[in-house]
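Residue numbers (my numbering), protein chains in the order written: chain G, 891 to 1180; chain V, 295 to 1080; chain D, 341 to 504.
The reader is advised that the hints may include incorrect statements.
[Said to hold, decoys possible] Distance condition first, Cα-Cα at most 20 Å in a straight line; then the derived SDA-like pairs of lysine to any residue:
no., chain 1, residue 1, chain 2, residue 2
1, G, Lys919, D, Thr344
2, V, Lys313, D, Thr344
3, D, Lys486, D, Asp497
4, V, Lys399, V, Asp349
5, V, Lys313, D, Leu373
6, G, Lys919, G, Ala936
7, V, Lys313, V, Ala1012
8, V, Lys313, D, Asp424
9, V, Lys945, D, Lys486
10, G, Lys919, G, Ala1051
11, V, Lys854, V, Arg824
12, V, Lys730, V, Glu1010
13, V, Lys313, D, Glu418
14, D, Lys486, V, Cys1004
15, D, Lys494, V, Lys399
16, V, Lys304, D, Leu373
17, V, Lys945, V, Arg955
18, D, Lys486, V, His1008
19, V, Lys945, D, Asn351
20, V, Lys313, D, Glu431
21, V, Lys945, V, Glu1010
22, V, Lys855, V, Glu934
23, D, Lys486, V, Val960
24, V, Lys730, V, Glu691
25, D, Lys486, V, Leu307
26, V, Lys945, G, Ala1051
27, D, Lys486, V, Ala1012
28, V, Lys730, V, Arg955
29, V, Lys313, D, Arg496
30, D, Lys486, V, Val306
31, V, Lys313, D, Asp497
32, V, Lys855, V, Arg955
33, V, Lys304, D, Glu431
34, V, Lys313, D, Asp413
35, V, Lys313, D, Ser419
Simulated from the structure, these hints should not be mistaken for laboratory data.
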Amino acid sequence: MKPAPFLYHAPETVAEVLALLSEHGDEAKVLAGGQSLIPTMNFRLAQPSVLIDINRVADLEGIEVTADGTLRIGATTRQRALERSAEVAARSPLLFEAVPFVAHAQIRNRGTVGGNLAHADPRSEFPAVMLALGADLRIRGTGGERTVGATDFFRGLFATALGPQELLVGVDVPPDAPGSGSAFVELSRRNGDYALAGVACRLTLREGRISDPRVGFLSAGDRPLLATEAMRVLEGQEPGEALFREAAEAARHDVRPIEDVHASVAYRTHLFGVITRRALERAAGRAGPA
Amino acid sequence: MSGGGLWFGKGVLRNEDPKLLTGRALFVDDVRLDGMLHAAFVRSDLAHGEIVSVDTSDALQREGVLAVYTAEDLGAYWHEGPVLVPPPPIEGHTFNPATIVPLAKGRVRHVGEPIAVVVAENAYVAEDAAQDVWVEIEPLDVVSSTESALAEGSPVIHEHIGSNLAAHVVQRKGDYEAARSEAALVVSRRFVYDRGVSGSMENRGIVASWDPREEELTVWDTTQAPIPIRNGLARLLGLLESQVRVVAPFIGGGFGPKMMMFYPEEVLLPWISMQLGRPVKWIEDRQESFFATTMERDQVHEAEIAVASDGTILGVKDFFLHDTGAYDPYGLTVPINTQCTLLGPYRIDNYDSEFKAVFTNRTVVTPVRGAGRQQGVFVIERLLDIAARELGMDRVEIRRRNFLRPDEFPYDHEILFQDSAPLYYDSGDYAPALDKAVELIGYRDFIDREKARLLDEGRRVGLGIVTYVEGTGIGPYEGARVTVEPSGSVRVAMGVGSQGQGHFTAFAQVVAEQLGVDVSDVHVSTGDTRDFSWGTGTFASRGAVVAGSACHESALRVRKKVLELASEALEADEQDLELAGGMARVRGSDHGISLGELAVRANPLRGAVAPGTEPGLEATAYFGPQRGSTAFGVHAMIVEVDPETALIEIKRYVVVHDCGRIINPVIVEAQVHGGVAHGIGDAFYEQLHYDEDGQLMNASFMDYLLPTACEVPHMEVAHEETPSPLNPLGVKGVGEAGAIPVGALLAQAVEDALEGTGVEVLEMPLSPNRLFELIHGSGERSGGEG
Amino acid sequence: MSDTRVSLTVNGALVERSVEPRLLLSDFLRGELGLTGTHVGCEHGVCGACTVLLDGEAVRACLVFAVQTDGRDLRTVESLGTTDSLHPIQEAFREEHGLQCGFCTPGILMSVLPFLAENPSPTEDEIRHAIAGNLCRCTGYQNIVKAVRNAAAKLRDAAEEVDG
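Model the full assembly from the supplied sequences, consistent with the hints where possible.
Below, the structure is given as structure tokens:
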């Protein structure tokens, strides 16, 4: 389990990264935290001939709050930094709640937010959270910067809207609406494992009714999914057990789980019903009057 | 051995810990030698096939590659390996040996079987070059499951045998059919126990170094059996045993598969070093370990129990298939353990047990912590649970009623055990341990009140309580040499390796007890054939029993020498002397002499050693037990099942364990902890998933789930001590015990939690997915008729 | 592929080497620097045996390339105590029999060190989560949990002595 040889570059600016990407194209992989890429290389399932290490690009790391309250998270911000951030805790309780579910602390110490999103593992926590939060992913190419909403960013199994010569530079998480409540619920075989099923949800209560419900799923298919059926059921309704059961039932139709050694399609589908209900109950309980 | 001692029975700090804690302990992968090369293996990607061609030319051209060997290149060195454990002489048994080979020739029989070995300047290049070796294999139909192996039309794995039957054994006592005809109730079920890995944190590894000037071979090996490896290598390589030194240094966990002597890598590395005249290292990687290191537990049982209306067991009948994997070098150890351990702590006068071991296109099966015992315990405990339920009897009561009584020991079960000796239980007193477990877990209160109270809250919480025996401490023998050095330090040299069991401390305690020295002054060397030349290894929960007894015997002999010399030196009667604080002293006075000084006197530079005496304060003794000693235990747990998610949480775990006299209670308790954790893995988390092509689907620690600190609960451990009459220390083995009953226990507890739903747990491991299927009534996969 | 020069601090000492870019930090520490206390158990980031401190944070040495550590600060188990003078965490592991074969132990110690610095009085649950990224097959974790609790107390006592 030793990686195959590669050419190594450690540029210090985004411009240099982009130049290297232009030069090497598909041959190159961007190395951020490496916590998914390096194991794959150690198994020799990936044998990129060029690695572009972005850990020395200084202006990619950090958490800022913009004037409108958006959390602007740089691509190489360590996952661990989120769980230590008072800003994240205060402004995005859903993201904050999800962080400890990402593997273990030793992985989060190294793993980055951007690397995780760009890897687009459907079993991963952040992509589903970003869907639920309606986050925007900031992408830099030689032509400049563009922004892609999370719903458009994830295109399939380990596939994203990133072009081969583009770099994900960060993600913008919009502030929660007043009165919103959220919950992250994940079931896994062991502590730190990929989810059997996971849900990130946020809803707002306006005059006792649910407004703008957002339900994102992980381990529900070939990509992170928005539970559009469940969201439709919830919109404008008064929260309550019956409604949440109905939404949970709808959620079972939203998912397209993949069978693996840990769970059948039937089991996973069932679990999405259960956790959707539990997460909605929790989120509604946390939502305050607007 | 009588009474609690100075050191015996004390939870002293371990001698080996400072080295291990500071990263200074030497493990095999830490061996670095000048000019050392690295080996990597080219392994079969297919489970079954004929090798058409192996092209090594690209690999040989890669810079940094020194050699690539295939089976053909080995010439006369290519041998089929030995049958490590010949089958016991059971009347009418069939055993068809098919032992492993160093590199596949013609046929490959499981994924991961080595085909070629690459030797390069470093491990990275070796792995690059292994990728350069082009192997063409013509695929053959695959035997991918235990149950299909003997089916009509199944592909045959070993043509010379003509079928996939590895063994067929019948052992009977009494007359089961007659007993059955008198039964008030007969319960029959089908039970399945699936396969897992041993999961030691250190993978296997070997460093071999041939010194052409000294004509001496040194091999560092992650083996549990350094002396047999030394002896075997000498034979294979045509060397004197004295020309071969095998060192098993610190080993990062064994659990059985590191016992499996003569893995292909173990045979090849020394030969390669001799061919190239340079040291060579091979360290197995984790992925490789899932294919190349032996594993255990595939069995399918059709079993029934006949009971009287009061719950008395009239008889048990069992037929099972045992998957031995692609080869069967370890003989019948595992299935015979199953056959014997099924009898448990119970009086079963009529027993009809038959098994067939079968070849499949999967990695070879050899003992893993428990070694077949889990399966036997699972079958008998499950049958008792179901019988109790159908009779409307208490689960604890049906067990108590069938226990062997203390006055029935030694008890003859009238069948043969794995060591070829009759299955005798040496001693036991089971009821007090069961009572203690009942009390500790709060059985009555839980059954009578707590369970219903929790159910009212909508919570599904259940209790399990099961018992088991473990035959431990089998022969043939071990030895130890104890030496008092002039510094006063004591050296103990012995042949069993250590994989974390605390040998450097427990054996030091046994010796310190007799010599009156501090445990930290006793330096144990174990696992280096240069220091000690006779013995077998650390396996079958036998270290403390067999090697411990040998230490004791040799310490007694040295003690005798010390007292004789001290008596002379101090001009006092031996019976007036005491050994304490590193001194021999006249009891009740300051008049004494240090052991170091006596050691100097015992090795005079002038004068003459008296005829009939030996120089030095040194003695070597051996111990071979007449037969194994039988340990016993009761495990109890409380588990909560979330019926919506099929996930479980173990709320409490209680162990009452009886391994006879205890040398070090802290070590013993921790052995039990580790065993239980392994058992929890076996029962709910760990399972190897093979597809129909014999491909393993979860060959990584991402998907093969060893329990973490969050899955293993706090364990409450209590002890009973029923000494073994078969060894001078009165000890019984403990290494495997904790792992043995956990499957049976979890099954009972989960069923109890789900009482009324009709869920029966008849297979191990359980998993959330499987439990979901059982809860939702799609339980076809496991059968469960009757 | 050409080697790359790296210069870093390991256990307080400056180290300079030329390394192949693909060389894993775990192999660099063990093979190039002879710091064999860092063990390799899975090489895919799950077992935790190779845990070391990179700029003070616990990371898997098998999931970092040595070239990435240029200019960084590394600490391995060899930076704790010696056999004659154990670090309080090591002492606690010995006192509570928190190790058996000892193969996973260095990685656990390097996970526990920053954990206790951040959380000096952890609950049992917090301890279990903190060590969940380190697999151990021998101990069933119970005595490791005890050892971490004991270590926390030792470190708190030591801190009080300094303060007082």
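We went through each hint and held it up to the structure:
1. A threshold of 20 Å between alpha carbons decides the hint, and for Lys919/G with Thr344/D the separation of about 19 Å falls inside it, so the pair holds.
2. For the proposed pair Lys313/V and Thr344/D, the alpha carbon gap of about 34 Å is over 20 Å, so the pair is violated.
3. Pair hint Lys486/D plus Asp497/D holds up; C-alpha atoms about 17 Å apart against a cutoff of 20 Å.
4. For the hint pairing Lys399/V with Asp349/V, the CA-to-CA distance comes to about 14 Å; that is within 20 Å, so the pair holds.
5. A distance of roughly 19 Å separates the Cα atoms of Lys313/V and Leu373/D; the hinted pair therefore holds under the 20 Å criterion.
6. For the hint linking Lys919/G to Ala936/G, the alpha-carbon distance of about 10 Å falls within 20 Å, and the restraint holds.
7. For the proposed pair Lys313/V and Ala1012/V, the alpha carbon gap of about 30 Å is over 20 Å, so the pair is violated.
8. For the hint pairing Lys313/V with Asp424/D, the CA-to-CA distance comes to about 10 Å; that is within 20 Å, so the pair holds.
9. Only pairs whose Cα atoms come within 20 Å are accepted, and Lys945/V paired with Lys486/D is accepted, the gap being roughly 18 Å.
10. Our distance criterion of 20 Å between C-alpha atoms is met by Lys919/G and Ala1051/G, whose separation comes to about 16 Å.
11. The suggested pairing of Lys854/V with Arg824/V is violated, with an alpha-carbon distance near 27 Å, which exceeds 20 Å.
12. At roughly 12 Å between alpha-carbon atoms, Lys730/V and Glu1010/V fall within 20 Å of each other, so this suggested pair holds.
13. For the suggested pair Lys313/V and Glu418/D, the alpha carbons sit about 11 Å apart, so the restraint of at most 20 Å is met.
14. Of the pairs offered as hints, the one joining Lys486/D and Cys1004/V holds, with about 14 Å between alpha carbons and a cut-off of 20 Å not exceeded.
15. Among the hinted pairs, Lys494/D with Lys399/V is inconsistent with the structure: their alpha-carbon atoms are about 60 Å apart, more than 20 Å.
16. The straight-line distance between the Cα atoms of Lys304/V and Leu373/D is roughly 40 Å, outside the 20 Å bound, and the hint therefore fails.
17. At roughly 30 Å between alpha-carbon atoms, Lys945/V and Arg955/V are farther apart than 20 Å, so this suggested pair is violated.
18. About 10 Å separates the Cα atoms of Lys486/D and His1008/V, which keeps this hinted pair within 20 Å; it holds.
19. About 42 Å separates the Cα atoms of Lys945/V and Asn351/D, which puts this hinted pair outside 20 Å; it is violated.
20. Proximity of Lys313/V to Glu431/D is assessed by CA-CA distance (about 12 Å); at most 20 Å being required, the pair is judged to hold.
21. With a C-alpha separation of about 12 Å, the suggested pairing of Lys945/V with Glu1010/V holds against the 20 Å cut-off.
22. Restraint check for Lys855/V and Glu934/V: not satisfied, since their Cα atoms lie roughly 60 Å apart, outside the 20 Å limit.
23. For the suggested pair Lys486/D and Val960/V, the alpha carbons sit about 13 Å apart, so the restraint of at most 20 Å is met.
24. About 14 Å separates the Cα atoms of Lys730/V and Glu691/V, which keeps this hinted pair within 20 Å; it holds.
25. The straight-line distance between the Cα atoms of Lys486/D and Leu307/V is roughly 15 Å, inside the 20 Å bound, and the hint therefore holds.
26. Simply put, Lys945/V and Ala1051/G have alpha-carbon atoms about 46 Å apart, too far for the 20 Å limit, and the pair is violated.
27. Using a Cα cut-off of 20 Å, the hinted pair Lys486/D and Ala1012/V holds, with the two alpha carbons roughly 18 Å apart.
28. Restraint check for Lys730/V and Arg955/V: satisfied, since their Cα atoms lie roughly 18 Å apart, inside the 20 Å limit.
29. Distance hint between Lys313/V and Arg496/D is unfulfilled; the C-alpha atoms sit about 25 Å from each other, more than 20 Å.
30. Distance hint between Lys486/D and Val306/V is fulfilled; the C-alpha atoms sit about 17 Å from each other, no more than 20 Å.
31. A distance of roughly 25 Å separates the Cα atoms of Lys313/V and Asp497/D; the hinted pair therefore is violated under the 20 Å criterion.
32. With a C-alpha separation of about 27 Å, the suggested pair Lys855/V and Arg955/V falls outside the 20 Å cut-off, and the hint is violated.
33. Proposed proximity of Lys304/V and Glu431/D is supported: the alpha carbons are some 19 Å apart, at most 20 Å.
34. Taken as a hint, the Lys313/V and Asp413/D pair is broken in the structure, with Cα atoms around 25 Å apart against an allowance of 20 Å.
35. A C-alpha spacing of about 14 Å is found between Lys313/V and Ser419/D, which places the hinted pair at or below 20 Å, so the restraint holds.
Against the hints set out earlier in the document, violations occur for numbers 2, 7, 11, 15, 16, 17, 19, 22, 26, 29, 31, 32 and 34.
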